[in-house]
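Could you put together the complete structure from these sequences and hints?
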Amino acid sequence: MRVLKESRWSYILFSIVLATIFWLFVRQTEDPVRTGTIRNIPVSVDGEQMLEAQGLTVRSVSHDTVSLRVSAPLSQFERMQDNMTITLDVSRCSAPGEYQLSYRLNYPSNVVVSDVTVNERLPLEITVVVEQLASKSFTIEPRLEGSIAAGYQAGSWSISQETVLISGAADQVSQVDRVEAVLQGSDLTDRVSGDVPLTLLDKDGNELQDLDVTLSTDTVYITLPVVVVKTVPLRVSFTSGGGVDADDHDVYGHIIFPETITISGEKSDMEELTEIFVGNVNLAKVVGVSTFTFPIDLDPRLENVSGTTQATVTVTVSNLDTKSLSVTNIDIEPPAGRTAVAVTQECPVVLRGRREALDQVDASQIRIVADLTEITSTGQCTVPVRVYLNASKDVGVIGEYRIVVDIT
Numbered sequence: 001m002r003v004l005k006e007s008r009w010s011y012i013l014f015s016i017v018l019a020t021i022f023w024l025f026v027r028q029t030e031d032p033v034r035t036g037t038i039r040n041i042p043v044s045v046d047g048e049q050m051l052e053a054q055g056l057t058v059r060s061v062s063h064d065t066v067s068l069r070v071s072a073p074l075s076q077f078e079r080m081q082d083n084m085t086i087t088l089d090v091s092r093c094s095a096p097g098e099y100q101l102s103y104r105l106n107y108p109s110n111v112v113v114s115d116v117t118v119n120e121r122l123p124l125e126i127t128v129v130v131e132q133l134a135s136k137s138f139t140i141e142p143r144l145e146g147s148i149a150a151g152y153q154a155g156s157w158s159i160s161q162e163t164v165l166i167s168g169a170a171d172q173v174s175q176v177d178r179v180e181a182v183l184q185g186s187d188l189t190d191r192v193s194g195d196v197p198l199t200l201l202d203k204d205g206n207e208l209q210d211l212d213v214t215l216s217t218d219t220v221y222i223t224l225p226v227v228v229v230k231t232v233p234l235r236v237s238f239t240s241g242g243g244v245d246a247d248d249h250d251v252y253g254h255i256i257f258p259e260t261i262t263i264s265g266e267k268s269d270m271e272e273l274t275e276i277f278v279g280n281v282n283l284a285k286v287v288g289v290s291t292f293t294f295p296i297d298l299d300p301r302l303e304n305v306s307g308t309t310q311a312t313v314t315v316t317v318s319n320l321d322t323k324s325l326s327v328t329n330i331d332i333e334p335p336a337g338r339t340a341v342a343v344t345q346e347c348p349v350v351l352r353g354r355r356e357a358l359d360q361v362d363a364s365q366i367r368i369v370a371d372l373t374e375i376t377s378t379g380q381c382t383v384p385v386r387v388y389l390n391a392s393k394d395v396g397v398i399g400e401y402r403i404v405v406d407i408t
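First residue of the sequence shown: 1, per this note's numbering; consecutive thereafter.
Be aware that a few hints might be false.
[Said to hold, decoys possible] No more than 16 Å apart at the CA atoms, straight line, and that leaves these computed lysine to aspartate or glutamate pairs for EDC-like: (1) 203 / 171; (2) 267 / 303; (3) 230 / 272; (4) 267 / 190; (5) 203 / 272.
[Claimed, not checked] Just the calculated beta-carbon pair ranges, DEER-fashion: (6) 65 / 31: 41 to 51 Å; (7) 69 / 114: 29 to 39 Å; (8) 170 / 295: 27 to 37 Å; (9) 135 / 231: 44 to 54 Å; (10) 135 / 210: 15 to 25 Å; (11) 89 / 195: 29 to 39 Å; (12) 297 / 354: 36 to 46 Å; (13) 341 / 250: 39 to 49 Å; (14) 210 / 299: 41 to 51 Å.
Simulated from the structure, these hints should not be mistaken for laboratory data. Built from N, CA and C at the ideal position, the CB exists for glycine as well.
As structure tokens, this is what we get:
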């Protein structure tokens with residue numbers, strides 16, 4: 001029994017050795033070990049954010065690819081050919097200077113690392129130059145590369161972000177002189193917009209394509225309205241008064257300056273626009289020759305190309321007579337809880353109209369009313385009044401009047 005036992009363990013051990021030799025033989029025969037060089041393995045830099053947090057940046061990396069001489073089973077070797085990567089960690093670089101750094105090999109997931117022997121690394125280490133981080137802000141300049149159709153004009157640009165911050169090594173950032181956002185289009189007749197990449201230019205206007213810098217944004221959204229340009233007349237309206245009917249253009253006339261302005265806007269907003277209304281003149285306030293100034297207010301969708309913001313209207317009333325009457329019929333509407341008396345006992349009022357109509361009017365037909373309900377002070381003060389005339393519409397009061405009252 002002892003002999004049988006010893007023989008059995010000998011057979012087991014012999015079987016294991018034989019199986020191992022057979023497995024090695026099969027492996028060498030079916031998947032032989034190959035020794036060779038894997039070239040142009042790309043290097044990626046990791047840890048740059050930690051450098052930026054310390055005000056540093058990577059100025060240069062001596063190698064962007066690495067070669068490895070390895071020994072591995074043929075199947076493993078082939079898997080490594082196109083799928084290897086290299087990671088270079090720069091997070092431990094704590095000050096400006098030159099660093100010799102080792103790097104990490106990243107094997108494909110289907111490679112058994114224990115089967116691979118790295119015989120040589122070319123290079124063994126990678127040199128990294130770290131510099132102080134430089135930053136500069138630039139105004140983004142939108143530009144159209146193309147053309148506007150005849151009869152149209154480019155409007156004012158709209159841009160989602162007016163500036164961009166460029167960061168990197170000082171000698172890289174210093175090369176940038178301008179930043180443009182270029183919109184493409186030709187024979188444009190309508191608004192055009194979109195996300196546009198930023199273009200970096202040097203002082204000579206040449207595009208910088210290979211700078212190692214970081215931009216706070218790579219694109220901006222810009223809009224360029226394409227508008228119609230049109231010259232339109234200004235218009236003023238008139239309210240009858242002072243003996244002048246607004247429809248009676250034989251007795252008054254006006255000059256408006258400027259007569260027209262040039263505006264621009266989108267086609268749909270400009271189609272129905274034939275004139276611009278600037279204001280109204282009450283003819284009762286025109287005495288002889290009077291001048292009025294009005295602001296030129298446009299719809300926000302339109303642009304004032306001329307740049308003129310005010311219109312001056314000169315109104316002249318002629319072919320009518322005037323008559324002055326001394327009015328004593330003065331009424332006062334005093335503030336609540338107080339009394340008021342008129343210090344002014346007579347107020348000359350000027351009427352205007354045709355002579356035959358003026359001759360029919362006397363002072364008894366005129367009443368002056370001083371409304372003091374909004375006055376908060378006491379004592380004597382000068383206040384404006386309203387003048388009421390009970391006569392035909394061919395006669396009217398001209399001018400503005402004030403009287404002195406005493407409030408207690």
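We went through each hint and held it up to the structure:
The hinted pair formed by residue 203 and residue 171 meets the criterion: a straight-line CA distance of about 14 Å does not exceed 16 Å. Taking the CA atoms of residue 267 and residue 303, the gap is near 13 Å; set against the 16 Å cutoff, the hint holds. Of the supplied pair hints, the one linking residue 230 and residue 272 holds, its CA atoms being roughly 12 Å apart against a limit of 16 Å. Taking the CA atoms of residue 267 and residue 190, the gap is near 8 Å; set against the 16 Å cutoff, the hint holds.
Note on residue 203 and residue 272: the hinted pairing is violated, with a Cα-Cα distance of about 47 Å set against a maximum of 16 Å. The hinted range of 41 to 51 Å is not satisfied by residue 65 and residue 31, whose Cβ atoms lie roughly 28 Å apart. The beta-carbon spacing between residue 69 and residue 114, approximately 18 Å, falls outside the hinted interval of 29 to 39 Å. Between residue 170 and residue 295 the beta carbons are some 52 Å apart, a value that contradicts the proposed interval 27 to 37 Å.
At about 48 Å, the CB distance of residue 135 to residue 231 agrees with the hint of 44 to 54 Å. The given range of 15 to 25 Å is respected by residue 135 and residue 210, whose C-beta atoms sit roughly 20 Å from each other. The hint said 29 to 39 Å for the Cβ distance between residue 89 and residue 195, and at roughly 34 Å that hint holds. For the pair residue 297 and residue 354, the beta carbons lie near 37 Å from each other, so the given range of 36 to 46 Å is met.
Checked against the hint of 39 to 49 Å, the pair residue 341 and residue 250 passes, with Cβ atoms roughly 45 Å apart. Between residue 210 and residue 299 the Cβ separation comes to about 48 Å, which falls inside the hinted range of 41 to 51 Å.
Consistency with the previously given hints fails for numbers 5, 6, 7 and 8, ordered from lowest to highest.
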